[in-house]
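In case you want the letters, here they are:
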Amino acid sequence: MRKTFAFVIAAAMLPAAAWAHHAFAAEFDADKPVKFKGTVKKMEWINPHAWIRIDVKGEGGQSTEWMIEAAAPNALLRRGWTKQSLLPGTEILVEGYQAKDGANRANGSVITFTDGKKLFVGSSAGDPGAAPGTTFKDK
Amino acid sequence: MRHRLIMLLAVTVLMTLVAFGQAAAAGSEAKAAPTIAKAWTQPKTPWGDPDLQGTWTSDDCIGAPMNRQASFGDREYYTEQELAQTEQRIERQQQNDLVETIAPDARVTTGPPGHWGERARRPCRQTSLVVDPPNGRTPDLTADARRRPIPEGAGNNNPKADSWEDFSYYIRCISRGVTGSIFPVIYGNGQQIVQGPGYVTILQEMVHEARVIPLNGRPHASPNVRSYMGDARGHWEGNTLVVETTNFLANKTGIGLNGGGTPTSDALRLVERYTRTSPDEIHYEVTIDDPKTFVKPFRVAFPITQEPGYRNFEYACHEGNYAMFDSLSGARAQEKKAAAAKAAGRN
Numbered sequence: 001m002r003k004t005f006a007f008v009i010a011a012a013m014l015p016a017a018a019w020a021h022h023a024f025a026a027e028f029d030a031d032k033p034v035k036f037k038g039t040v041k042k043m044e045w046i047n048p049h050a051w052i053r054i055d056v057k058g059e060g061g062q063s064t065e066w067m068i069e070a071a072a073p074n075a076l077l078r079r080g081w082t083k084q085s086l087l088p089g090t091e092i093l094v095e096g097y098q099a100k101d102g103a104n105r106a107n108g109s110v111i112t113f114t115d116g117k118k119l120f121v122g123s124s125a126g127d128p129g130a131a132p133g134t135t136f137k138d139k
Numbered sequence: 001m002r003h004r005l006i007m008l009l010a011v012t013v014l015m016t017l018v019a020f021g022q023a024a025a026a027g028s029e030a031k032a033a034p035t036i037a038k039a040w041t042q043p044k045t046p047w048g049d050p051d052l053q054g055t056w057t058s059d060d061c062i063g064a065p066m067n068r069q070a071s072f073g074d075r076e077y078y079t080e081q082e083l084a085q086t087e088q089r090i091e092r093q094q095q096n097d098l099v100e101t102i103a104p105d106a107r108v109t110t111g112p113p114g115h116w117g118e119r120a121r122r123p124c125r126q127t128s129l130v131v132d133p134p135n136g137r138t139p140d141l142t143a144d145a146r147r148r149p150i151p152e153g154a155g156n157n158n159p160k161a162d163s164w165e166d167f168s169y170y171i172r173c174i175s176r177g178v179t180g181s182i183f184p185v186i187y188g189n190g191q192q193i194v195q196g197p198g199y200v201t202i203l204q205e206m207v208h209e210a211r212v213i214p215l216n217g218r219p220h221a222s223p224n225v226r227s228y229m230g231d232a233r234g235h236w237e238g239n240t241l242v243v244e245t246t247n248f249l250a251n252k253t254g255i256g257l258n259g260g261g262t263p264t265s266d267a268l269r270l271v272e273r274y275t276r277t278s279p280d281e282i283h284y285e286v287t288i289d290d291p292k293t294f295v296k297p298f299r300v301a302f303p304i305t306q307e308p309g310y311r312n313f314e315y316a317c318h319e320g321n322y323a324m325f326d327s328l329s330g331a332r333a334q335e336k337k338a339a340a341a342k343a344a345g346r347n
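Here the protein sequences come in this chain order: A and B. Numbers 1 to 139, taken from this note's numbering, label the letters of the first sequence in order. Numbers 1 to 347, taken from this note's numbering, label the letters of the second sequence in order.
Since the hints were derived computationally from the structure, they do not count as laboratory data. Ideal placement from N, C-alpha and C gives every residue a C-beta, glycine not left out. Hints are supplied without guarantee of correctness; some may be wrong.
[What the hints assert, rightly or not] Label-pair restraints from in silico Cβ distances: (1) A:Q62 / B:Q53: 35 to 45 Å; (2) A:K37 / B:P133: 51 to 61 Å; (3) A:P88 / B:P133: 27 to 37 Å; (4) B:D105 / A:K83: 31 to 41 Å; (5) B:P104 / A:K57: 24 to 34 Å; (6) B:K342 / A:K83: 46 to 56 Å; (7) A:T39 / B:W40: 23 to 33 Å; (8) B:E91 / A:K83: 28 to 38 Å; (9) B:E314 / A:Q84: 43 to 53 Å; (10) B:G345 / A:K37: 49 to 59 Å; (11) A:K57 / B:A344: 31 to 41 Å; (12) B:A37 / A:E65: 53 to 63 Å; (13) A:T114 / B:S71: 43 to 53 Å.
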């Protein structure tokens with residue numbers, strides 16, 4: 001385990017984990033928590049889930065690329081995300097768990113911008129009909 | 001540790017269900033099945049068929065249980081009081097979705113963030129997706145079906161992963177089957193209906209299905225011709241589109257959410273009914289008859305709705321299915337670790 005990773009304590013699995021496209025617990029290791037700051041290189045809008053490629057600087061200043069699993073791209077679009085929502089060069093903080101095979105891939109259980117704002121906030125900038133601001137009273 | 005987490009999750013889910021069941025005991029039952037809206041006439045296509053065209057979604061019943069909780073008995077609908085509570089919960093969720101900062105006590109897990117999914121816009125009125133038999137529960141499996149292996153993956157936190165063939169057809173990005181492609185799940189519930197003279201086509205966002213349904217009364221294909229999505233034939237009964245589908249491959253997908261659960265047999269016969277009840281709503285129901293799998297037929301029903309701005313997006317599922325790779329390589333890494341530990345124990 002790299003020294004730069006701070007250990008975090010796992011809590012109960014979210015029910016959502018059981019509903020996603022696949023079993024996250026099959027992919028990520030509950031014994032390998034990761035917590036780091038990274039700079040976005042690229043957001044890959046691919047199915048069935050998007051991935052965020054980030055550069056993480058180690059203690060010696062060397063950069064390592066990590067891939068962070070994100071939501072289904074279609075769900076992101078409907079939640080108000082656009083191509084402009086996470087531009088290259090943006091710094092983000094990631095907490096999650098590393099892939100079981102030891103590759104530099106992790107789930108992003110909690111991702112925030114460096115000012116503490118959450119990454120996956122529903123934005124009113126998206127499709128007005130599908131954004132979470134739409135209420136059932138609209139119908 | 002994993003077992004403790006699973007136990008904690010199970011207890012949390014159970015407590016939620018019990019709390020809901022207790023709340024359900026009070027109040028009067030909501031009105032019954034959707035009825036045709038007053039002062040509305042079913043539009044027709046230029047060639048005279050009922051017009052069902054548009055993009056519809058089963059989002060409003062996201063999270064509705066397939067099988068009814070036993071404490072509800074034969075009660076098919078929530079009370080108005082219970083629905084008002086759900087309405088408040090949806091409003092709170094919508095407000096929470098707009099909050100820009102993560103709660104200081106946000107839990108870090110091996111799963112995705114809880115706010116990834118798409119959302120219901122209004123309460124689902126039903127206590128279960130299964131509406132017949134009256135107890136709202138899937139009939140028992142036959143003895144043969146009980147021996148049938150269930151592919152692993154979705155929702156199973158410790159899937160066997162000796163091969164990609166151990167995973168469900170959904171995880172493998174192949175298909176969720178006919179019912180799995182329309183039953184409400186956390187995202188990707190879009191159903192685009194396109195009509196032409198003699199045909200109805202239903203484009204299903206996840207996992208990129210296109211059902212082409214002939215209406216001209218031609219017979220089903222030979223029983224030797226079989227597929228994941230079966231051979232569909234449609235006809236109109238008044239303004240209702242009735243689709244009968246047979247010729248399924250055996251042992252592929254089940255009738256659960258995302259095509260999960262015990263895989264169905266080659267005897268599966270589905271009869272679906274699409275009835276437009278207002279400009280923005282279709283009442284959908286499907287009767288599942290598979291005598292080799294279930295001891296009796298049963299029926300699932302729920303509304304699908306049109307929403308402002310909602311449309312299907314591409315779902316090229318396998319283009320970046322790193323999860324399959326990670327699950328297999330993760331299982332191999334764990335085997336290696338276990339073998340090394342065993343070898344170390346011998347020395």
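Here's how the hints hold up against the structure:
no.	hint	verdict
1	A:Q62 / B:Q53: 35 to 45 Å	violated (57 Å)
2	A:K37 / B:P133: 51 to 61 Å	holds (55 Å)
3	A:P88 / B:P133: 27 to 37 Å	violated (56 Å)
4	B:D105 / A:K83: 31 to 41 Å	holds (32 Å)
5	B:P104 / A:K57: 24 to 34 Å	holds (26 Å)
6	B:K342 / A:K83: 46 to 56 Å	holds (49 Å)
7	A:T39 / B:W40: 23 to 33 Å	violated (55 Å)
8	B:E91 / A:K83: 28 to 38 Å	holds (30 Å)
9	B:E314 / A:Q84: 43 to 53 Å	violated (20 Å)
10	B:G345 / A:K37: 49 to 59 Å	violated (40 Å)
11	A:K57 / B:A344: 31 to 41 Å	holds (35 Å)
12	B:A37 / A:E65: 53 to 63 Å	holds (55 Å)
13	A:T114 / B:S71: 43 to 53 Å	holds (48 Å)
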